[in-house]
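*Asks:* The residues making up each chain are set out below.
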Amino acid sequence: MIPAVEFRRLNKSFHGVHANVDISFKVMKGTIHAIIGENGAGKSTAMKMLYGTYQPDQGEILIHGKSWGGKPKSWTSPLDAIRSGIGMVHQHFMLSAPHTALDNILLGVETSHPFFSFLPKSLRPISRVQAQVKLDRIADQYGLKVDWSAKVENLSVGIQQRIEILKLLYRDAEILILDEPTAVLTPQETSELFAQLKKLCQLGKTVLIITHKLKEVMSIADHVTVFRAGRVVGEREISETNIEELATLMVGRKVRLQADAPPPPQVKEPVLEISGVSLAARHGLKNVSFQVKAGEIVGISGVEGNGQAELLQVLLHPKDHTESMTGEVKVLGKSTAGMTTEQVKELGVGVIPDDRLRDGLLLDRPVRDNFLLGLQRRKPFSRAGILSYSKLSKEVSRAIEEYDIRPPLQQAKASLLSGGNQQKIVIAREFKYSPKFLIASQPTRGVDVGAIEFIHKRILKARQEGSGVLLISSELDEILALSDRILVMFDGRILAEFKRGEATEQALGLRMGGAVS
Amino acid sequence: MRFKEKLPQILKPLISIMVGLSLGLLVTKIAGEDPWNVLEILVRGAFGSRYDFGMTLFYTTPLIFTGLSVAFAFHSGLFNIGAEGQLAMGALSVAAVGILFPNAPGFLAPVLGVLAAVVGGGIWGAIPGWLRARRGSHEVINTIMLNFIAAGLTSWVTLYLLKNPDSQNPETAAVAPSYLIRQFSFFDGAPVSMAFFVALMAAFVVWFILWKTVLGFEIRAVGQSESAARSAGIDAAKMRMLAMAIAGGLAGLVGVGEVMGNADRFRVGFSPGYGFTGIAVALLARNRPFAIVASALLFGALHKGASELDLETENVTRDLSLILQALVILCVSAEGVWDLAGERYKLLIKKKWIRSAPSPELAEEHYSPKV
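For the record, the sequence lines run as chains A and B.
By the count of the numbering used here, the first sequence reaches residue 517 at its end, each step adding exactly one.
By the count of the numbering used here, the second sequence reaches residue 888 at its end, each step adding exactly one.
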């Protein structure tokens with residue numbers, strides 16, 4: 001049998017850095033093939049070459065046994081890939097929110113009635129009826145129902161993803177690449193997606209999934225290819241492998257997947273008291289009340305966009321929300337009403353922001369400056385307003401060692417570091433003065449497995465040392481492993497509370513979808 | 518090693534300047550002049566004698582101030598197009614203080630004058646800073662508008678409040694003699710004064726503030742990523758207001774050289790667009806304070822050198838200096854060309870036409886985002 005996709009000794013380097021070295025593997029037709037690997041392992045590079053975004057330096061890719069259409073080794077753009085039946089669903093959906101589902105699918109391949117063929121292409125009226133007939137057929141065939149006339153902004157993330165898949169099927173894609181497809185889905189939506197993908201495969205499509213969630217690989221894929229440091233380090237049939245083996249292959253050493261939480265220390269006075277907080281905003285908060293005590297980790301789970309970001313805003317920037325917010329927030333016993341961010345942080349609050357690229361780091365600046373960000377007014381980093389770079393250098397090299405930040409260069413630009421190492425800078429900085437109250441929002445997002453283990457350990461260590469931790473995460477595994485108490489947020493409300501051990505993935509998933517007990 | 522890293526940073530603008538000047542001289546060829554002759558006139562006009570060199574420094578001084586002003590605002594993420602208005606306000610403030618307090622003691626008067634320049638320009642810079650920080654209205658529009666307001670306001674104050682009764686010109690009365698700073702006899706009468714050294718000092722102070730102090734760190738953090746700075750507890754709005762006020766103050770210092778070192782009074786429209794040329798100066802120097810001094814010198818020399826063209830050539834006038842400025846800036850800002858050159862270079866290596874790979878430092882420099 002001829003494989004649907006075959007990578008043959010593919011090489012790609014950027015400015016002398018080898019992103020892909022001798023990549024060779026086959027993807028059989030009608031299967032679900034998972035590509036796993038840590039950040040920077042080269043899996044995205046390989047997929048981007050398949051999709052035509054990059055051209056390989058050496059080697060070739062065969063589609064259905066053929067070097068692609070006339071061209072010797074690669075195509076020059078995604079357009080070529082789409083024409084040859086390859087489609088990609090990106091991690092961040094490429095949809096236009098104010099347009100309908102139908103228009104999003106048609107975008108770029110609009111058809112019009114032959115009557116108008118005398119007009120230049122861009123001026124012809126779009127014939128939606130014709131397209132809808134074809135789409136209805138596709139939707140029936142694969143069981144992918146969508147309300148064509150609904151605006152994308154009003155649809156759930158799961159449906160949006162369905163539209164992305166339909167987009168590819170409408171373009172007659174035979175090979176579908178999905179980049180981290182479950183990152184934004186609830187457990188229920190995930191299993192729905194998986195059922196759909198299985199059906200696609202039964203009907204002869206080939207699916208490639210890029211992911212780092214090993215559990216999902218085990219539950220859906222037929223084959224798996226493991227990337228590490230730019231090379232393929234293993235290929236397995238799913239039936240012949242297990243999670244531990246895949247994790248070891250990925251990281252190159254043994255990892256503990258579940259952080260073993262030591263018994264919680266004595267829980268003490270509250271570090272955060274929120275009572276009756278409401279916020280008027282698009283994803284507002286509605287009468288939120290809870291406490292975080294010193295020595296406990298409180299996890300907030302929920303699908304993103306249900307008020308978590310707003311909660312963080314309210315906690316961190318009280319002054320900007322004095323008018324739109326009601327209720328009271330007390331941090332370490334003090335009401336934060338009207339406080340500036342600086343004042344809040346000075347109370348002893350450490351923050352790991354969810355979007356570190358936007359809120360956590362100065363990307364164009366060296367590691368050293370990023371470590372200083374937020375600490376610049378503290379001794380010993382400055383005295384009477386003058387910075388002391390020698391003291392800073394000493395502290396930074398200590399932090400680089402302690403947190404194993406790679407490359408261990410103070411002058412390396414933050415943007416050049418991997419996600420895990422960037423996050424370590426943020427953590428090193430926020431932990432510098434042992435915060436009494438730590439807010440960790442999506443602390444392991446886009447972070448490789450080895451670093452996840454490390455970050456979880458640090459968070460647990462903070463708790464052992466008596467910090468109160470507010471953990472906001474959409475990763476259920478993380479929430480379940482770390483939290484002493486779990487709050488489920490839905491539509492700006494706290495919908496449910498679980499104690500450690502009481503919560504199951506199912507129960508949490510149901511609540512995350514808004515089900516009331 | 519350190520030097521090797523810096524080398525492309527120094528070489529690239531130098532090469533760009535050469536290319537820009539060559540293109541400009543080519544234009545004179547088309548206009549029917551001998552380019553070598555034009556070049557000779559330019560160089561002689563700018564550096565030919567003590568007086569010429571002095572005039573070059575005289576033009577350089579305000580450009581250092583305005584260049585620093587634009588650069589300072591830029592480091593906080595704001596684009597200060599209002600240096601022209603700020604320098605007018607600064608200069609008028611110096612003149613006003615010099616006229617209203619004629620009895621200030623000799624040692625205090627220059628200090629008062631410098632303070633007036635900083636405060637006058639600073640207020641004019643703080644206004645758009647405040648509007649941006651608190652009201653969210655864009656500083657580009659506001660600084661441009663404030664240029665017009667400054668032009669009108671300074672004219673009105675000059676003509677109605679501080680008018681020189683002995684002159685038909687739109688200028689104020691002379692400031693008290695104690696305010697005047699002496700011109701260096703070395704330059705055979707060119708109006709080079711201590712203001713030039715004030716400019717050099719300002720460059721040092723700006724460098725020190727931006728790279729050595731907490732304030733500078735915070736300002737640059739805001740300029741780099743407002744959201745990251747805010748999350749770190751930095752008051753972005755306050756930093757931007759401060760940055761704009763300081764930028765305005767720097768532009769206002771132009772008034773020191775003009776009023777105290779040259780004209781003894783405020784003259785309406787004394788600036789031939791120093792504020793706008795300052796944008797080019799800062800751009801060429803990539804907002805680095807010490808590079809701004811060099812960059813201002815280049816623009817000063819072009820300005821001075823080109824003024825000789827009127828007399829000495831048939832077909833080109835001093836306006837050539839504007840063409841040269843434009844071409845230099847075009848060449849310097851044509852970043853993509855360097856990337857293209859890098860790609861071509863790599864292609865040559867790939868085809869084995871040349872051997873060694875470019876050093877990683879060079880590659881790094883090619884792809885690093887620009888400040």
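To be clear, the hints were calculated from the coordinates, so they are not data collected in a lab.
One should not assume that every hint holds.
[Unchecked claim] Computed cross-link-like contacts, DSBU-like style, restricted to lysine-lysine with a CA-CA straight-line distance of at most 35 Å:
| id | chain 1 | residue 1 | chain 2 | residue 2 |
| --- | --- | --- | --- | --- |
| 1 | B | K529 | A | K436 |
| 2 | A | K391 | A | K461 |
| 3 | A | K394 | B | K755 |
| 4 | B | K529 | A | K379 |
| 5 | A | K334 | A | K286 |
| 6 | A | K391 | B | K546 |
| 7 | A | K319 | B | K529 |
| 8 | B | K680 | A | K391 |
| 9 | A | K319 | B | K680 |
| 10 | A | K215 | A | K26 |
| 11 | B | K546 | A | K413 |
[Claimed, not checked] For each label pair, taking beta carbons as the anchor points, the in silico distance ranges come out as:
| id | chain 1 | residue 1 | chain 2 | residue 2 | range |
| --- | --- | --- | --- | --- | --- |
| 12 | B | W724 | A | K330 | 41 to 47 Å |
| 13 | A | K394 | B | R651 | 54 to 60 Å |
| 14 | B | R651 | A | S96 | 40 to 46 Å |
| 15 | A | H15 | B | A811 | 29 to 35 Å |
| 16 | B | F714 | A | E328 | 46 to 52 Å |
| 17 | A | Q58 | B | A851 | 48 to 54 Å |
| 18 | B | H655 | A | G333 | 56 to 62 Å |
| 19 | B | W724 | A | P265 | 23 to 29 Å |
[Stated by the list, open to error] Selected chain A positions facing chain B (Cβ under 7 Å, derived; list incomplete):
| id | residue |
| --- | --- |
| 20 | G40 |
| 21 | M94 |
| 22 | P262 |
| 23 | E328 |
| 24 | M339 |
| 25 | T341 |
| 26 | K345 |
| 27 | L347 |
| 28 | Q376 |
| 29 | R377 |
| 30 | L409 |
| 31 | D491 |
From the three backbone atoms N, C-alpha and C, an ideal C-beta is built for every residue, glycine too.
*Asks:* Is the Cα-Cα distance between K319 of chain A and K529 of chain B 35 Å or less?
*Replies:* violated (46 Å)
*Asks:* Please test the hint of 40 to 46 Å on the beta carbon pair from R651 of chain B and S96 of chain A.
*Replies:* Given range 40 to 46 Å: violated, Cβ gap about 34 Å.
*Asks:* K215 of chain A and K26 of chain A were given as a pair; does the straight-line alpha-carbon distance stay at or below 35 Å?
*Replies:* With a Cα-Cα distance of about 22 Å, the restraint between K215 of chain A and K26 of chain A holds, given a limit of 35 Å.
*Asks:* Okay, K394 of chain A versus R651 of chain B on CB: inside 54 to 60 Å?
*Replies:* The hint (54 to 60 Å, Cβ to Cβ) is violated, given that K394 of chain A and R651 of chain B are roughly 39 Å apart.
*Asks:* Given M94 of chain A as an interface hint, is its Cβ closer than 7 Å to any Cβ of chain B?
*Replies:* violated (24 Å)
*Asks:* Using 7 Å as the Cβ threshold, decide whether L409 of chain A counts as touching chain B.
*Replies:* violated (12 Å)
*Asks:* Starting from K394 of chain A, check that the Cα of K755 of chain B is at most 35 Å away, please.
*Replies:* It holds: about 30 Å lies between the C-alpha atoms, which stays within 35 Å.
*Asks:* Using the nearest Cβ pair, does P262 of chain A come within less than 7 Å of chain B?
*Replies:* Not OK, violated: P262 of chain A not within 7 Å of chain B, min 30 Å.
*Asks:* Regarding the hint that R377 of chain A lies at the interface with chain B, is the smallest CB-CB distance below 7 Å?
*Replies:* holds (6 Å)
*Asks:* Would you mind confirming whether the straight-line C-alpha gap from K391 of chain A to K461 of chain A stays at or under 35 Å?
*Replies:* OK: K391 of chain A and K461 of chain A at ~26 Å, within 35 Å.
*Asks:* CA of K680 of chain B to CA of K391 of chain A, is that 35 Å or under?
*Replies:* violated (57 Å)
*Asks:* Okay, H655 of chain B versus G333 of chain A on CB: inside 56 to 62 Å?
*Replies:* violated (42 Å)
Checked against the numbered hints given earlier, this structure breaks hints 1, 4, 6, 7, 8, 9, 11, 13, 14, 16, 17, 18, 19, 20, 21, 22, 23, 24, 27, 30 and 31; the rest are met.
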